[in-house]
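If you read the protein sequences in the order shown, they are chains A and B. Sequential numbering from 1 applies to the first sequence in full-length UniProt numbering. Sequential numbering from 1 applies to the second sequence in full-length UniProt numbering.
Think of the hints as simulated: they come from the structure by calculation, not from any bench. Warning: the hint list may mix true and false statements.
Copies of one chain are not kept apart here, so a pair can be met inside one copy or by any two copies together.
[Stated by the list, open to error] Cross-link-like lysine to any residue pairs, in silico, SDA-like; alpha carbons within 20 Å at most:
no., residue 1, residue 2
1, 307, 131
2, 307, 417
3, 212, 20
4, 322, 28
5, 115, 398
6, 269, 305
7, 363, 294
8, 83, 108
9, 391, 153
10, 157, 212
11, 212, 127
12, 83, 291
13, 140, 291
14, 104, 54
Given next are the chains, with one letter for each unit.
2 protein chains.
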Amino acid sequence: MQAEIIAVGSELTSGHVLNTNSAWLAQQVEDYGLKVVSHVTVGDAADQLERSLRLALDRADWVIVTGGLGPTYDDITKEVAAKVWGQPLLLSDEAMAHIDNFFKDRSQKATANNKKQAMVPKGAEILANPSGLAPGIWLKNEEATLVLLPGPPHEMKATFEASLAPRLAATAQSAIRRHALHFYGIGEAEVDSRLDDILPDNSNPLVAPYAKGGEVELQVTAYGPSDQAAEDLIKPVIQTLIDHFKDYFYGIDVDHLKYPVSQQLARGKWSMASAESCTGGLISKWFTDIPGSSAYFAGGICTYTEKAKQYFLQVQADTLAKYGAVSAQTAAEMADGARAAFQTDLAISTTGIAGPGGGSPEKPVGLAYIGLATPTGTFTWHFQANALQTKHRSAVRDAVGRAALFHLFEYLKQNPEALS
Amino acid sequence: MQAEIIAVGSELTSGHVLNTNSAWLAQQVEDYGLKVVSHVTVGDAADQLERSLRLALDRADWVIVTGGLGPTYDDITKEVAAKVWGQPLLLSDEAMAHIDNFFKDRSQKATANNKKQAMVPKGAEILANPSGLAPGIWLKNEEATLVLLPGPPHEMKATFEASLAPRLAATAQSAIRRHALHFYGIGEAEVDSRLDDILPDNSNPLVAPYAKGGEVELQVTAYGPSDQAAEDLIKPVIQTLIDHFKDYFYGIDVDHLKYPVSQQLARGKWSMASAESCTGGLISKWFTDIPGSSAYFAGGICTYTEKAKQYFLQVQADTLAKYGAVSAQTAAEMADGARAAFQTDLAISTTGIAGPGGGSPEKPVGLAYIGLATPTGTFTWHFQANALQTKHRSAVRDAVGRAALFHLFEYLKQNPEALS
Numbered sequence: 001m002q003a004e005i006i007a008v009g010s011e012l013t014s015g016h017v018l019n020t021n022s023a024w025l026a027q028q029v030e031d032y033g034l035k036v037v038s039h040v041t042v043g044d045a046a047d048q049l050e051r052s053l054r055l056a057l058d059r060a061d062w063v064i065v066t067g068g069l070g071p072t073y074d075d076i077t078k079e080v081a082a083k084v085w086g087q088p089l090l091l092s093d094e095a096m097a098h099i100d101n102f103f104k105d106r107s108q109k110a111t112a113n114n115k116k117q118a119m120v121p122k123g124a125e126i127l128a129n130p131s132g133l134a135p136g137i138w139l140k141n142e143e144a145t146l147v148l149l150p151g152p153p154h155e156m157k158a159t160f161e162a163s164l165a166p167r168l169a170a171t172a173q174s175a176i177r178r179h180a181l182h183f184y185g186i187g188e189a190e191v192d193s194r195l196d197d198i199l200p201d202n203s204n205p206l207v208a209p210y211a212k213g214g215e216v217e218l219q220v221t222a223y224g225p226s227d228q229a230a231e232d233l234i235k236p237v238i239q240t241l242i243d244h245f246k247d248y249f250y251g252i253d254v255d256h257l258k259y260p261v262s263q264q265l266a267r268g269k270w271s272m273a274s275a276e277s278c279t280g281g282l283i284s285k286w287f288t289d290i291p292g293s294s295a296y297f298a299g300g301i302c303t304y305t306e307k308a309k310q311y312f313l314q315v316q317a318d319t320l321a322k323y324g325a326v327s328a329q330t331a332a333e334m335a336d337g338a339r340a341a342f343q344t345d346l347a348i349s350t351t352g353i354a355g356p357g358g359g360s361p362e363k364p365v366g367l368a369y370i371g372l373a374t375p376t377g378t379f380t381w382h383f384q385a386n387a388l389q390t391k392h393r394s395a396v397r398d399a400v401g402r403a404a405l406f407h408l409f410e411y412l413k414q415n416p417e418a419l420s
Numbered sequence: 001m002q003a004e005i006i007a008v009g010s011e012l013t014s015g016h017v018l019n020t021n022s023a024w025l026a027q028q029v030e031d032y033g034l035k036v037v038s039h040v041t042v043g044d045a046a047d048q049l050e051r052s053l054r055l056a057l058d059r060a061d062w063v064i065v066t067g068g069l070g071p072t073y074d075d076i077t078k079e080v081a082a083k084v085w086g087q088p089l090l091l092s093d094e095a096m097a098h099i100d101n102f103f104k105d106r107s108q109k110a111t112a113n114n115k116k117q118a119m120v121p122k123g124a125e126i127l128a129n130p131s132g133l134a135p136g137i138w139l140k141n142e143e144a145t146l147v148l149l150p151g152p153p154h155e156m157k158a159t160f161e162a163s164l165a166p167r168l169a170a171t172a173q174s175a176i177r178r179h180a181l182h183f184y185g186i187g188e189a190e191v192d193s194r195l196d197d198i199l200p201d202n203s204n205p206l207v208a209p210y211a212k213g214g215e216v217e218l219q220v221t222a223y224g225p226s227d228q229a230a231e232d233l234i235k236p237v238i239q240t241l242i243d244h245f246k247d248y249f250y251g252i253d254v255d256h257l258k259y260p261v262s263q264q265l266a267r268g269k270w271s272m273a274s275a276e277s278c279t280g281g282l283i284s285k286w287f288t289d290i291p292g293s294s295a296y297f298a299g300g301i302c303t304y305t306e307k308a309k310q311y312f313l314q315v316q317a318d319t320l321a322k323y324g325a326v327s328a329q330t331a332a333e334m335a336d337g338a339r340a341a342f343q344t345d346l347a348i349s350t351t352g353i354a355g356p357g358g359g360s361p362e363k364p365v366g367l368a369y370i371g372l373a374t375p376t377g378t379f380t381w382h383f384q385a386n387a388l389q390t391k392h393r394s395a396v397r398d399a400v401g402r403a404a405l406f407h408l409f410e411y412l413k414q415n416p417e418a419l420s
C-alpha cells in the first residue's frame, strides 16, 4: 500500500518553518505497513493544493494531508479536499460540540470563524483532536483513503495517536516491529563493514545503520503475519547485534546516553554530582532533563575561572600552575572536589578547550580531560574531538559531554550497586 | 519566477532522516527573488524522480534538486536528469580533475565509482563543490533552469554558497532585504492584532509574525530595484516596529536572548554567575554556549538538594523551612549566595517545579521564582509556565530560563555599565 504525505503552509514552502510533520508521519505510517513514496509541500494556495491532491490520489492508496484546518481565510485544506473528493462541506454536530465544549470550559463563546472548523466533507468521519479545535478528517472510498490532520505538530501528533493510529492498526495487513540499537565509540563505516559477516542475509529483519552525532544507530525492522511472529523474528537478531558490538552498546530505543546512565544510577542507589569547565553546565542539564533525577543527582558546578575551581572544588593552585586548567590532574581534583562538596558517591568532571579560540599546538581545540571520582579511587581520561567536531564549539562540548557519560556508563556496568 | 525544490533520498521519504535541505534552500533562493511554490521529496527510485522532475519542469521556471549525486548504485539523480533533459551523460574533465586532486592530496586513487561522480549531462555547467567530490550541475534552456546539488547538508550549503549564489545574484531582477525582529513577553495574536494599525499597508516591506517557542518573531522583507532601495524601504519599518513594541524587543537577527544578554555583559564589563535549581544547568550552558564567555561568566552552580543550597549558597535552613525551596526568599538567597561565592557583580537564580511530578495546589508544576543579585540590591520575580508548557518538563525549564534571561536583559538595559 503506497502512501503520500502532503504538508500545507506557505511558512513551509518559504522555508521559514521547518517541516517536521512529514518525516514524523512517514515513520509512523510505515510502522503500519504503508510505504511512503513521496512527500509534497505546498503553500496556502488552492490551485497548488488541488493539483497536488489530485496527483496524489491518482497514484497512491493513502494520502495524508497535514495543515490548513485552522479558522482563518488562508486555511483552505477542507474546501479543496471536499472539491477533489466531490462532496459538499457540511456542519458536523460532533465537531461543533467539541468546539462548544472547549469554549464553555473557558467561559467563552465560539466565533463564526470557529464554525468553519466544524465543517467537514459529506461522508467524512471525524478524527478527534485531543489537543485543539480542528478535528482530523477521514475519507475512504474503493480507490483511496484520504486523511486530513491539523498542522501544529502537537495537535497533529495527538490526533494521529488518539484517532488515526487505531484505524491504521485495524487495517494493517502485516505486523511490524522496529527497534533502534544505540552504540557509542564506534564509527558507522566500521559497523557497516562488519554487518555483512554477522548477517549474510540482511532482509527480514532488515538492519540499517545510521550515523547520529558521532554515535551509530542500528535500526532493526521485522515484518510478520502477527505481532508475535514479528517479535520472534526480531529478537534473536537484536541479541546477535548486542553480543557482537557489546563494548559499544548502550541502549535500545533510547537516543541519548543520559537515559541508561540515569537508570543505572537510580537502580544502584548511587548519588551523583558534576564539576564542569568546558561543557559549561551541559552535563548537569542532561542529568536534570530526566524527571525524578533529584533522587540521585545532588547538583553540579560549572567553574569557568581558576578562582572558582579553587574556591568551590579545592583544586590546588600548584596543580593549575604546573599542569594547567586543561589537564588530567585538574580533572581529577575537580571530580574529587565535587564529590567532597556535594557529599555524593560519584562525581564526574570535564575540563577542555571548546573553541573556537583558546587552542595551542600542545593543547588544541577539542582537547579535554574527564575525571570520575568514586569511593575506590579517581579515574581520568584523555579526549580529543575529531576534525569535524572542532569546527563547532557546540559539537566539541557535546562530544566531551557524551564521552564523560560513556565513561560513567562503563563504570556503572562494572559497579552496578553503590559501594559507599 | 517560480521555483520548485526536489529532495531525493529514501531515508527522507521514510522519515528516518529529517529533510532540512529544502527549507534552507527555499529561504536562500527567495532572497534572490524566486518564489518557491512547492517542495517534493522522493525516494531513490528512478520512475518517481522522473515523474516529479517532468512535472516540476513543466510548471516552474527553476527546479532545484538536492541529493542522489553520490557514487553508489542508488544515486540516480544525474541519470534521470539527463534523460528528462534529453542529453547524454559525458565525462567532465573539470569534475574529474577535482576528484583526482582530492585523492592525490590523500595519496589515494579514484575508483571506478568515483568516475560516476564526474559524469554530467551534455551542455551542463559544473557548480564546484568545495566540501566534497560530487559537483553540482547547472542546466539552462529557454524554458527553465535545472540545478542539481549534492545531498549532504554541508556539501549542499557549500556548493550553494560558492557556486550557485553568485549565479542567482547575477540573474536576480530585484534586490531583497530581510530581517527578523525578536520579542519576548508578548503573544503572537497580540502582535498580529496591532499590526493592522501600525502598518495599514503591509505589503512592501512585508511584515509577517511567527510564534517561536513562547516568543514572537517579526520577519520583515523588502524588495527594491537595488540593494540601497530595499534597505531604504526596510529601515523605517524596522524602527517603527521596535518603537512600538519596545518593551518586548530584544534583538535583530538573533534567535535567542543569550546573545544580546552576553553582548551587554561584555560591553558593560559586568561579571556574572548563576545558581540554578529547576533549570538544572541550562542557564549556565546558555552563557557558555557563547565563544569568549569566560571573559564575563565566572561559573554557575546547580543545587538540586536543600543541602547543596545551604552548603554552596548559604541559603538559610530557616528560609527553606519557612518558605520552601520554591519561594522568592530562597531565590533571593541563592542569587546572593552565588554572587558572594563567585565574587561577581551579578548572579541570577532559578528555583521552581519543572514537573511532571512534584506539583501541589499551592505550588503547581511550572511555578518558579527568579532571583537577581546586583551591587544595589536583590530582585525576585514570580513565574508561572502556561498550560501548554507545563505538559513538558523541557518546555517548563526552557521557559523559566528565558524568563530569567529577560529579567537580566531588562536590568542591563537600565544599567549598561558595571556598578561595582
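Quick rundown of the hints versus the structure:
no.	hint	verdict
1	307 with 131	neither (50 Å within a copy, 40 Å between copies)
2	307 with 417	neither (35 Å within a copy, 24 Å between copies)
3	212 with 20	both (17 Å within a copy, 15 Å between copies)
4	322 with 28	neither (56 Å within a copy, 50 Å between copies)
5	115 with 398	neither (48 Å within a copy, 35 Å between copies)
6	269 with 305	between (32 Å within a copy, 16 Å between copies)
7	363 with 294	between (36 Å within a copy, 18 Å between copies)
8	83 with 108	neither (33 Å within a copy, 60 Å between copies)
9	391 with 153	between (32 Å within a copy, 14 Å between copies)
10	157 with 212	between (24 Å within a copy, 19 Å between copies)
11	212 with 127	neither (35 Å within a copy, 27 Å between copies)
12	83 with 291	neither (48 Å within a copy, 55 Å between copies)
13	140 with 291	neither (42 Å within a copy, 56 Å between copies)
14	104 with 54	neither (39 Å within a copy, 52 Å between copies)
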